[in-house]
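Same order as they appear, the protein sequences are chains A and B. Reading the first sequence from the start, the letters are residues 94 to 360 in the working numbering. Reading the second sequence from the start, the letters are residues 518 to 829 in the working numbering.
Note that these hints are calculated values from the structure, not bench results. Be careful, since some hints might not be right.
[Claimed, not checked] Sample of chain A residues lacking proximity to chain B, with all beta carbon distances greater than 12 Å (derived):
no. : residue
1   : His159
2   : Leu244
3   : Tyr276
[Stated by the list, open to error] Mimicking SDA-like on lysine to any residue, the simulated pairs with C-alpha atoms at most 25 Å apart in a straight line are:
no. : chain 1 : residue 1 : chain 2 : residue 2
4   : B       : Lys545    : A       : Val203
5   : B       : Lys525    : B       : Glu593
6   : B       : Lys608    : A       : Val203
7   : A       : Lys115    : A       : Phe205
8   : B       : Lys638    : B       : Glu723
9   : A       : Lys300    : A       : Leu329
10  : A       : Lys272    : B       : Lys545
11  : B       : Lys545    : A       : Leu350
12  : A       : Lys354    : B       : Val555
13  : A       : Lys272    : B       : Asn535
14  : A       : Lys354    : A       : Phe205
15  : B       : Lys638    : A       : Met118
16  : B       : Lys541    : A       : Met187
17  : B       : Lys641    : A       : Asp356
18  : B       : Lys553    : A       : Asp356
19  : A       : Lys354    : B       : Asp530
20  : A       : Lys354    : B       : Glu723
21  : B       : Lys532    : A       : Lys300
[What the hints assert, rightly or not] Part of the chain A face toward chain B, derived, beta carbon under 10 Å:
no. : residue
22  : Ile105
23  : Ile109
24  : Phe186
25  : Ser190
26  : Ile194
27  : Val201
28  : Asn202
29  : Asp286
30  : Phe341
31  : Arg353
32  : Asp356
33  : Thr358
Note that the coordinates shown come from a computational prediction; the quantities given were computed from them, not determined experimentally. A virtual CB, placed ideally from N, CA and C, is assigned to each residue, including glycine.
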Amino acid sequence: MRKRGLKFYMSIYRKILIQDLKSKMSYRADFIISTIGMIMTNLSGFVTFMILFHNFPTINGWDYYHMLFLYGFSLVALTPVQCFFDNNWNLRFMVQSGDFIKYCFRPVNVFFYFMSEVFDVKGLGQLAFGIGTIVYAWIKIGIPVTPLVILKLIVFLFTASLFMIALMNFAAATCFWIKNSGYVMVIMFRFKDFAKYPSSIFEGIFKVIFTFLIPIAFIAYYPSLVILSPDNVPVLSWISPLFGLIFFYLSYKFWMLGVRKYDFTGS
Amino acid sequence: MEEAVVMKNVCKDFKVLNRHEGLKGSIKDLFSRDYKTVSAVKDVTMTVNRGEIIGYLGPNGAGKSTTIKIMTGVLEPTSGEILVNGKVPYKNRTENCENIGVVFGQRSQLWWSLPLIESFKLLKDLYMVPEKEYDDMIALYRSLVDIEPILHKPVRQMSLGQRTLSDILAAFLHNPAIVFLDEPTIGLDVSMKSKIRELILGLNKEKNTTVILTTHDMGDVDALCKRIVIIDKGMKIYDNDIDHLKNYFGSYRTLKLKLADDTWEEMLIDEKTTDVMDVIMEKQKEKKIKDVKILEISTEEVIRKIYEGGTK
Ligand SMILES: Nc1ncnc2c1ncn2[C@@H]1O[C@H](COP(=O)(O)OP(=O)(O)O)[C@@H](O)[C@H]1O
Ligand SMILES: [Mg+2]
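Start from the sequences and build out the full structure, keeping to the hints where you can.
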């Protein structure tokens, strides 16, 4: 069999992406409206955050700008899952209707082929907002800009993204076993909102749950500590990149196990 | 290697859960052992030779699609042995997929919003088809069917017929050894059906592609298949040339009577047991008959007889 390596997959993904963008832009009105919608969504999220937190006192050493940093961090970390893995939201319907079978007839990885079908441009607006927010908070807090800090920021943003992607993979793949998996997706997706808030909600039993069971604390809180409190970084933050990789790998395996175990109903 | 597909005593059982409603129900289902077994394919043994077009027939729910899912490597058989192009398909799914093409009824496998030609180019890359072979294939398509009107159309704007045509073209694009067509002509008009039959026949001839076709349309069978395999309730009940079958039912005649109101009445008569003339005389006592035709038994009727009677 001809080998299909990383280079092959990258090139295929790029080609599919280009075609997809071309066809999206050919529906110009659609494209403009969804761009406006995307900006409005982000603005309203931002304004809500301002109203909620602007007059807030410092909580556990977290002031307003720290919170803002965390908010921006989570926005950026959520971008890859939204841009590249959005098709997870359709998985349930395709599995139930039987349309999912078409992804199994190609000589490529099923997970890749499935995810490559949808690229959600809306995520890009979120990315821009997130970066803006991080930069603004960064300046206000006065964190020194060194190459090392930037590198840390990138590594830990990547880590945070992995957790979010993995979480959604797990949630989506439940549809191979249970019928009403929509609940699971929605609940997981709601959980991610907690990622925007700092330690104060992660106490006691919740800390255990959100760290080990549904690791949303890794989406922003633990990774961002590396930047925000460099003198006092918990061990969990340092090992989070490794955890992220493992968690992502497990979610991928779980997803693929679902494909293998699935019976392919529908003629 | 002469055999495209070899199946030995292949069985497929599905365990169907008796499902419960609601969120609580689905959590319960996760741990439930309350299921029944459906045997979709029972002990099927058959061989498909390279270059053959076989009609894989049977009533709804007979197990045709399940067999195809097994042959494509998507489903693992519960028991039995299967080789497709000399390999066990479910153990080598991606490898198997390089050498097969699949069209599954009315589910398009193409990129919905892309013009057909862009889908073709992506498939060319996915299957790593060399430039030259790709160009030759497109040229062959052009010689067999008028593809210009659909080539630059997004799949989502196509009619059902155009979409099916596109899917069939896409299935042959990487010149696979075997193409599976599961009810490809369902819902198409007569002219599109004949266009598609010509295309399949032409591609089979040019490329010696093995075609495994399921259909309910005996026109497809007459136009394409020399050999048919029939399954019913998961079991193979017939596997031979279509001519053989017609010989078996050779004593059968289709009697067509044109009545006073210009409608045709049809009946199937076994000449071994019944005299055709007697039937006509009997009928004439009841109604006025304007015209009489006696025909060979049609494929349609042969198949119907087999579904009803079950014969070897
Ligand atoms: N994934 C599945 N789970 C449970 N039962 C199935 C599944 N797929 C098919 N069946 C059952 O197996 C039998 C054969 O189905 P199928 O192969 O689709 O028949 P055909 O294609 O000949 O109409 C039917 O009774 C059908 O209900
Ligand atoms: Mg079927």
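Outcome of the hint check:
Every CB of chain B is more than 12 Å from the CB of A/His159 (nearest about 37 Å), matching its label as outside the interface. The claim that A/Leu244 lies off the interface holds: its Cβ sits roughly 35 Å from the closest Cβ of chain B, which is beyond the 12 Å cut-off. Not every C-beta of chain B lies more than 12 Å from that of A/Tyr276, the closest at about 5 Å, which undercuts listing it as non-interface. Taken as a hint, the B/Lys545 and A/Val203 pair is broken in the structure, with Cα atoms around 29 Å apart against an allowance of 25 Å.
Taking the CA atoms of B/Lys525 and B/Glu593, the gap is about 14 Å. The hint holds against a cut of 25 Å. With a C-alpha separation of about 15 Å, the suggested pair B/Lys608 and A/Val203 falls inside the 25 Å cut-off, and the hint holds. For a cut-off of 25 Å, the pair hint linking A/Lys115 to A/Phe205 stands: about 21 Å separates their Cα positions. Between B/Lys638 and B/Glu723 the CA atoms are separated by roughly 22 Å; this keeps the pair inside 25 Å, and the hint holds.
For the proposed pair A/Lys300 and A/Leu329, the alpha carbon gap of about 12 Å is at most 25 Å, so the pair holds. Distance restraint check for A/Lys272 and B/Lys545: the Cα-Cα separation of roughly 11 Å lies within the 25 Å cut-off, and the hinted pair is therefore satisfied. Note on B/Lys545 and A/Leu350: the hinted pairing holds, with a Cα-Cα distance of about 21 Å set against a maximum of 25 Å. For the given pair, A/Lys354 sits about 16 Å from B/Val555 by alpha-carbon distance, which is consistent with the 25 Å threshold.
With a C-alpha separation of about 12 Å, the suggested pairing of A/Lys272 with B/Asn535 holds against the 25 Å cut-off. Between A/Lys354 and A/Phe205 the CA atoms are separated by roughly 18 Å; this keeps the pair inside 25 Å, and the hint holds. Annotation: proposed proximity of B/Lys638 to A/Met118 holds, straight-line Cα distance about 20 Å (limit 25 Å). Distance hint between B/Lys541 and A/Met187 is fulfilled; the C-alpha atoms sit about 23 Å from each other, no more than 25 Å.
Straight-line distance between C-alpha atoms of B/Lys641 and A/Asp356 comes to about 29 Å, which puts the hinted pair past the 25 Å bound. Restraint check for B/Lys553 and A/Asp356: the C-alpha separation of about 14 Å stays at or below 25 Å, so the hint holds. With a CA separation close to 13 Å, the supplied pair A/Lys354 and B/Asp530 stays within the 25 Å bound. Straight-line distance between C-alpha atoms of A/Lys354 and B/Glu723 comes to about 38 Å, which puts the hinted pair past the 25 Å bound.
Between the alpha carbons of B/Lys532 and A/Lys300 the distance comes to roughly 40 Å, so the proposed pair goes past 25 Å and is violated. With a cut of 10 Å, the hint placing A/Ile105 at the interface with chain B holds, because the nearest CB-to-CB distance is about 6 Å. Checking A/Ile109 against chain B by beta carbon gives a least distance of about 6 Å; that is within 10 Å, so the hint holds. Taking 10 Å as the C-beta contact cut-off toward chain B, the hint placing A/Phe186 at the interface is violated, the least distance being around 13 Å.
Satisfaction of the interface hint for A/Ser190 is found here, the shortest Cβ-Cβ separation to chain B being roughly 9 Å, below the 10 Å cut-off. Taking 10 Å as the C-beta cut-off, the interface hint given for A/Ile194 holds, the closest approach to chain B being about 6 Å. With a least beta-carbon distance of about 6 Å to chain B, the hint placing A/Val201 at the interface is held under the 10 Å criterion. Because the beta carbon of A/Asn202 sits about 8 Å from the nearest beta carbon in chain B, less than 10 Å, this interface hint is met.
Interface restraint check: A/Asp286 against chain B, minimum CB-CB distance 21 Å, threshold 10 Å, status violated. Because the beta carbon of A/Phe341 sits about 22 Å from the nearest beta carbon in chain B, more than 10 Å, this interface hint is broken. Checking A/Arg353 against chain B by beta carbon gives a least distance of about 8 Å; that is within 10 Å, so the hint holds. Because the beta carbon of A/Asp356 sits about 6 Å from the nearest beta carbon in chain B, less than 10 Å, this interface hint is met.
Annotation: interface hint on A/Thr358 holds; nearest CB of chain B at approximately 9 Å, less than 10 Å.
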